[in-house]
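A.B. asks: For the protein sequence lines, the chains are A and B, in the order given. The first sequence: position 295 = 295 (the UniProt record's numbering), numbered continuously. The second sequence: position 24 = 24 (the UniProt record's numbering), numbered continuously.
Just so you know, the hints here were simulated from the structure itself, not pulled from any lab data. Bear in mind the structure is a predicted one, so any value in this text is a computation, not a measurement. Wrong hints could be hidden among the right ones.
To be verified - Quick list of in silico lysine-lysine cross-link-like pairs, DSSO-like style, CA-CA up to 30 Å:
#  : chain 1 : residue 1 : chain 2 : residue 2
1  : A       : Lys41     : B       : Lys200
2  : A       : Lys294    : A       : Lys248
3  : A       : Lys152    : B       : Lys200
4  : B       : Lys200    : A       : Lys294
5  : A       : Lys41     : A       : Lys97
6  : A       : Lys147    : A       : Lys221
7  : A       : Lys294    : A       : Lys41
8  : B       : Lys200    : A       : Lys225
9  : A       : Lys225    : A       : Lys147
10 : A       : Lys248    : A       : Lys40
11 : A       : Lys41     : A       : Lys248
12 : A       : Lys97     : A       : Lys294
13 : A       : Lys248    : A       : Lys225
14 : A       : Lys294    : A       : Lys225
15 : B       : Lys200    : A       : Lys264
Unchecked claim - Pair by pair, the computed Cβ-Cβ distance ranges are:
#  : chain 1 : residue 1 : chain 2 : residue 2 : range
16 : B       : Glu182    : A       : Lys294    : 42 to 50 Å
17 : B       : Asp131    : A       : Ser72     : 28 to 36 Å
18 : A       : Gln108    : B       : Ser121    : 54 to 62 Å
19 : A       : Gly176    : B       : Ser121    : 35 to 43 Å
20 : A       : Ser72     : B       : Gly223    : 14 to 22 Å
No residue lacks a Cβ here, since even glycine has one placed at the ideal position from N, Cα and C.
Residues per chain, in single letters:
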Amino acid sequence: MKTAMNDSNEVLIDCQNVWKIFGARAPAAIQAVADRGLSKKQILQDFNCVVGVSDASLHVRRGEIFCIMGLSGSGKSTLIRLLNRLIEPSLGTITVKGKDVARLNAAQLRDMRARNIGMVFQSVALLPNRTVLENAAFGLEVRGVAKDERHKTARAALEKVGLADWTARYPNELSGGMQQRVGLARALAADPEIILMDEPFSALDPLIRRQLQDEFRQLTKSLGKSAVFITHDLEEAIRIGDRIAIMKDGVIVQVGTAEEIVTKPADDYVSDFVAGISRIHLVKAHSVMQPVAKFRASHPQHDVEALLRTSPDADIGELIDLTMQSNRDAVAVVENGTVIGVVTTRALLRGVAGTPEHEPAAA
Amino acid sequence: MDTSIITDRFDTWTDDALAWINDNGEWLFEFIRMLLEGTYDGILWLLQLPPFYIIAIIAALLGWRLINLASGILAAIALIFCAVMGLWAETMSTLALVATATILALVVGIPVGIVAGFVPSFNRVLEPVLDLIQTLPPYIYLLPAIALLGYGPATALIATFIVAMPPAIRLTSLGIRMTPREFIELGQASGLTSWQMFTKIRLPFAIPSIMAGINQSLMMAFGMVVIAGIVGSGGLGETIYGAVRTLDIATSINAAIAIVILTMVLDRLTQSAARRAKAGGR
Ligand SMILES: Nc1ncnc2c1ncn2[C@@H]1O[C@H](COP(=O)(O)OP(=O)(O)OP(=O)(O)O)[C@@H](O)[C@H]1O
Ligand SMILES: [Mg+2]
Chain A
1 MKTAMNDSNE VLIDCQNVWK IFGARAPAAI QAVADRGLSK KQILQDFNCV
51 VGVSDASLHV RRGEIFCIMG LSGSGKSTLI RLLNRLIEPS LGTITVKGKD
101 VARLNAAQLR DMRARNIGMV FQSVALLPNR TVLENAAFGL EVRGVAKDER
151 HKTARAALEK VGLADWTARY PNELSGGMQQ RVGLARALAA DPEIILMDEP
201 FSALDPLIRR QLQDEFRQLT KSLGKSAVFI THDLEEAIRI GDRIAIMKDG
251 VIVQVGTAEE IVTKPADDYV SDFVAGISRI HLVKAHSVMQ PVAKFRASHP
301 QHDVEALLRT SPDADIGELI DLTMQSNRDA VAVVENGTVI GVVTTRALLR
351 GVAGTPEHEP AAA
Chain B
1 MDTSIITDRF DTWTDDALAW INDNGEWLFE FIRMLLEGTY DGILWLLQLP
51 PFYIIAIIAA LLGWRLINLA SGILAAIALI FCAVMGLWAE TMSTLALVAT
101 ATILALVVGI PVGIVAGFVP SFNRVLEPVL DLIQTLPPYI YLLPAIALLG
151 YGPATALIAT FIVAMPPAIR LTSLGIRMTP REFIELGQAS GLTSWQMFTK
201 IRLPFAIPSI MAGINQSLMM AFGMVVIAGI VGSGGLGETI YGAVRTLDIA
251 TSINAAIAIV ILTMVLDRLT QSAARRAKAG GR
């Protein structure tokens with residue numbers, strides 16, 4: 001199951017109050033932001049500059065898949081390109097593996113990009129004059145790894161993404177989904193600790209896409225990589241991400257696990273995103289249960305000890321199954337042997353619909 | 001009255017200047033002439049070494065590999081026809097002239113084009129110069145060349161070289177500048193050095209454009225063949241020029257046909273090579 005906390009809490013990427021402002025008068029706009037804290041709209045009016053990323057702070061831990069979600073133009077690509085300094089930040093600091101990225105000289109930056117941070121592009125960007133194998137080996141070739149060795153590694157990476165039989169083909173002989181996998185294999189073969197992915201699957205049809213999402217998550221986890229994954233599709237973010245950041249107009253409006261975002265959206269923008277999402281596998285018992293005392297008061301006829309039992313991490317789907325199995329319309333939530341709460345049918349319905357909690361009108 | 005004084009003045013001034021350049025730069029022009037004619041003689045010697053049917057077979061093989069069998073056979077027949085007309089020696093010396101001028105144009109043009117592709121300010125200065133070269137009637141280039149290098153193939157080569165160079169520069173520079181943005185980004189994100197970015201990303205993407213430039217340079221060079229006949233280029237150009245002066249229309253038409261054949265064969269071959277480069281560079 002997805003957990004926010006992983007085996008290690010080491011922070012690999014740390015962004016502190018990062019801004020990116022585009023435009024001829026960007027320096028003046030930045031000054032104004034630093035001095036007076038202007039808004040995106042004011043900056044566009046006063047300086048004719050576009051704010052790509054506005055005061056973004058986030059951190060990515062080792063082994064974590066961190067999703068960035070937002071509508072088109074919300075600054076996702078700008079933010080991810082700041083992480084490996086394809087774009088220079090206007091303000092703020094970005095630390096990767098404890099090193100301030102802005103302070104690296106050209107050689108150090110090249111080295112960091114070649115060894116520590118891989119990138120997979122929406123456009124895939126496979127070199128058309130190279131075979132699949134040579135494309136997958138590109139990152140190693142750049143680092144000067146000998147041909148035999150880099151082809152061996154690339155072949156292994158292609159095997160992982162299920163393309164072992166396609167090594168001698170050229171990119172134009174592959175379908176879009178297969179090309180995306182080559183892009184992923186290219187990033188994996190270079191063996192970076194962090195993989196940046198900018199909407200890698202958005203051009204694919206839903207079936208292949210779902211398959212690649214699962215493969216990607218499973219691969220990343222089994223190899224112990226960390227990833228920053230951009231998408232404009234919340235379902236994709238929920239499927240893949242350990243944590244999700246939601247962006248709007250360059251601002252990160254909320255960061256949290258899928259469940260946190262779905263159950264406690266920070267504002268109307270997030271609520272709108274969340275509205276169409278199925279909660280059945282997202283909302284867990286601990287967020288819909290009510291205290292035992294309250295249950296006893298409202299349901300004096302029930303014996304709490306006689307209810308079916310489950311853990312706080314059981315999702316609504318499992319709770320529904322349990323409720324259907326029992327002849328009572330409630331399930332007890334148990335942690336370390338003690339009942340910590342009760343989930344009623346009413347609470348389940350509320351969890352599915354996402355309606356806020358309030359006292360039922362007296363029947 | 002007045003104007004003739006001015007033109008007389010100008011003429012003496014030009015003559016003096018040319019005489020001065022000739023006196024002081026004689027060693028340089030002699031060197032250039034030897035270099036040009038040496039290359040030309042070498043290529044010509046190579047082309048005349050085998051009998052005509054061997055050259056025709058080579059053309060057939062190239063046509064077969066690059067286009068298809070029918071085109072290969074057609075190319076061979078067309079070349080044999082040149083020999084049948086009794087113009088084989090002339091055809092080969094025209095080919096040598098065009099090849100020499102084109103090779104020189106590429107040797108200079110491709111590196112200049114690469115620099116222009118990387119340095120926008122240089123490209124901005126270069127563009128109007130290339131425009132000018134391509135706007136002026138090509139006869140113009142014969143004048144300084146004949147004044148400095150004298151009558152003969154060297155002069156024809158220089159003029160042809162000047163005319164053939166602009167497309168090579170332009171299309172190389174274009175190819176370098178046209179690298180898709182996503183691949184530049186791939187290069188940056190993969191930690192490429194500038195040199196790796198050039199050899200692994202920019203150059204491969206520029207190859208189709210450079211190949212198109214080679215084809216166009218070659219065609220421009222062929223366009224100069226007849227004009228260069230005036231200054232003693234030898235080959236078909238001179239044959240046509242001589243035949244026209246003596247009103248020997250039949251010979252001039254034969255020579256013109258030979259030029260057309262040679263041009264078309266080389267155009268088709270280089271174009272297919274260029275198309276191949278575009279199709280994936282395999
Ligand atoms: N090089 C640039 N120059 C000027 N403005 C830019 C530049 N790059 C991005 N922007 C602006 O920054 C904002 C954020 O763009 P960005 O590409 O990061 O959005 P995005 O969230 O990735 O959108 P999409 O989902 O469409 O890819 C947009 O308003 C865009 O116009
Ligand atoms: Mg984007």
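A.B. asks: Hints first: check each against the structure and report whether it holds.
C.D. replies: A quick look at each hint next to the structure:
1. Lys41(A) - Lys200(B): violated, 42 Å
2. Lys294(A) - Lys248(A): violated, 40 Å
3. Lys152(A) - Lys200(B): holds, 21 Å
4. Lys200(B) - Lys294(A): violated, 69 Å
5. Lys41(A) - Lys97(A): violated, 34 Å
6. Lys147(A) - Lys221(A): holds, 28 Å
7. Lys294(A) - Lys41(A): It is violated: about 49 Å lies between the C-alpha atoms, which goes past 30 Å.
8. Lys200(B) - Lys225(A): Satisfied, since the Cα-Cα distance of roughly 28 Å is no more than 30 Å.
9. Lys225(A) - Lys147(A): Within the cut-off at roughly 25 Å; holds.
10. Lys248(A) - Lys40(A): holds, 11 Å
11. Lys41(A) - Lys248(A): Cα-Cα ~13 Å, so holds.
12. Lys97(A) - Lys294(A): Distance ~48 Å between Lys97(A) and Lys294(A) Cα, so the pair is violated.
13. Lys248(A) - Lys225(A): The given pair, whose Cα atoms are some 27 Å apart, holds under the 30 Å limit.
14. Lys294(A) - Lys225(A): violated, 45 Å
15. Lys200(B) - Lys264(A): violated, 49 Å
16. Glu182(B) - Lys294(A): 42 to 50 Å: violated, 58 Å
17. Asp131(B) - Ser72(A): 28 to 36 Å: violated, 42 Å
18. Gln108(A) - Ser121(B): 54 to 62 Å: violated, 30 Å
19. Gly176(A) - Ser121(B): 35 to 43 Å: holds, 40 Å
20. Ser72(A) - Gly223(B): 14 to 22 Å: This hint is violated: roughly 51 Å between Cβ atoms.
Checked against the numbered hints listed earlier, the structure breaks hints 1, 2, 4, 5, 7, 12, 14, 15, 16, 17, 18, 20; every other hint is satisfied.
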